[in-house]
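Protein chains: 2
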Amino acid sequence: MPQGVPESIPNDGLTTRQRRNTPVLGVHTGDGKGKSTAAFGMAMRAWNAGLNVAVFQFVKSAKWRVGEESALEALGALHEQTGRGGPVQWHKMGQGWSWLRSSSEHADDHAAAARAGWAEISRRLAGEEHDFYVLDEFTYPLDWGWIDVDEVVDTLRARPGRQHVIITGRRAPQKLIDAADLVTEMRKVAHPMDQGRKGQKGIEW
Amino acid sequence: MPQGVPESIPNDGLTTRQRRNTPVLGVHTGDGKGKSTAAFGMAMRAWNAGLNVAVFQFVKSAKWRVGEESALEALGALHEQTGRGGPVQWHKMGQGWSWLRSSSEHADDHAAAARAGWAEISRRLAGEEHDFYVLDEFTYPLDWGWIDVDEVVDTLRARPGRQHVIITGRRAPQKLIDAADLVTEMRKVAHPMDQGRKGQKGIEW
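So the protein lines, in turn, are chains A and B. First residue of the first sequence? That's 0 in numbering that gives the first Met the number 0, and the numbers climb one at a time after it. First residue of the second sequence? That's 0 in numbering that gives the first Met the number 0, and the numbers climb one at a time after it.
Just so you know, these hints were derived from the structure itself, not from any lab.
Pairs involving identical chains hold if they fit within one copy or between any two copies, as the list cannot separate such chains.
Keeping only pairs whose Cα atoms sit at most 25 Å apart, straight-line, the calculated SDA-like set for lysine to any residue is:
no.: 1; residue 1: K174; residue 2: R158
no.: 2; residue 1: K174; residue 2: D30
no.: 3; residue 1: K187; residue 2: I176
no.: 4; residue 1: K200; residue 2: A76
no.: 5; residue 1: K200; residue 2: R186
no.: 6; residue 1: K200; residue 2: A48
no.: 7; residue 1: K200; residue 2: Q80
no.: 8; residue 1: K59; residue 2: E119
no.: 9; residue 1: K187; residue 2: D142
no.: 10; residue 1: K59; residue 2: P172
no.: 11; residue 1: K59; residue 2: Y139
no.: 12; residue 1: K174; residue 2: H109
Sequences and hints are given; from them, build the entire structure.
Listed below in structure tokens is the structure:
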């Protein structure tokens with residue numbers, strides 16, 4: 000594990016402190032496992048550092064609940080009770096975001112629901128509401144053309160303060176990759192699903 | 000996210016239930032970020048499923064403490080207090096494993112310390128002491144020839160019961176990859192360290 004030793008010192012006129020405090024835009028893409036799991040692992044680390052964490056899952060079903068959601072909510076509750084770590088919010092698109100007045104809003108229009116999600120995230124970024132954002136499976140509405148990639152990249156590049164953003168999903172648009180500081184491709188080498196196994200609790204969710 | 004839909008049904012004579020209950024051997028390798036973080040994310044998910052979790056970090060310094068360690072310990076403490084989730088243990092090689100009588104044992108011999116770690120894990124696997132093991136950065140003592148790869152693969156293949164094992168680190172030996180059910184290569188596409196940034200709390204640790 001690299002303990003913060005940079006491979007080169009850039010000639011960018013910034014001090015080490017300024018560089019250290021630069022907010023990170025990360026992308027986890029590729030066909031392999033671990034894109035979301037690594038992002039949620041980073042969220043756990045961010046919680047421990049006292050950062051204000053918000054997860055936005057661009058998934059179809061609000062019923063789908065991964066173990067990380069319960070675990071991060073437990074950590075968020077621990078923060079409420081003891082002050083340890085940071086606060087945690089977890090929002091799912093599902094049939095409509097949790098902050099919407101009616102759960103039937105956008106019920107039949109996933110594209111509109113995805114756009115509403117991004118509009119809210121954009122608003123929160125402008126208001127510096129969180130320190131660490133996970134935009135889980137956000138590459139899909141970008142890939143499908145539901146949300147404009149240029150607008151997303153412009154908003155992310157112009158975000159104020161020190162807000163870290165991690166975006167996960169396959170087929171990340173090249174413009175997003177170009178804008179990111181940290182891009183990892185999770186490449187599948189072998190997976191039990193290939194052998195006809197079904198997922199199991201504690202491993203797959 | 001695949002909700003447990005296998006790509007093919009194998010002709011292995013097993014029922015779906017038997018396949019579902021098959022313990023997983025996973026390997027996270029490659030030069031990219033997220034190998035350990037995804038493993039710790041999986042540990043968080045395993046905790047939520049009530050599994051008995053044990054992390055063994057094959058790192059040089061016991062002082063080096065990642066945020067995930069504190070967060071998973073908080074979840075383990077929550078289990079002790081409320082029964083929620085599962086128990087969590089976190090062991091670090093450092094100058095000597097926490098279970099050793101003297102912290103000076105193996106102080107100057109990292110190879111001996113690594114072998115002592117594997118001997119203990121091997122013993123615990125035989126006794127089915129945990130449900131979910133993370134062997135973090137375990138590929139290095141294998142790669143360096145400190146621990147015999149054949150013996151590790153044989154022990155992992157023959158492990159009794161339903162014990163999941165996730166191994167992380169670069170340069171995973173081919174025999175280990177061949178024995179694994181789930182292998183992901185984390186490939187580096189871009190990283191802030193390349194731009195001369197130093198790591199920062201909440202992001203890198």
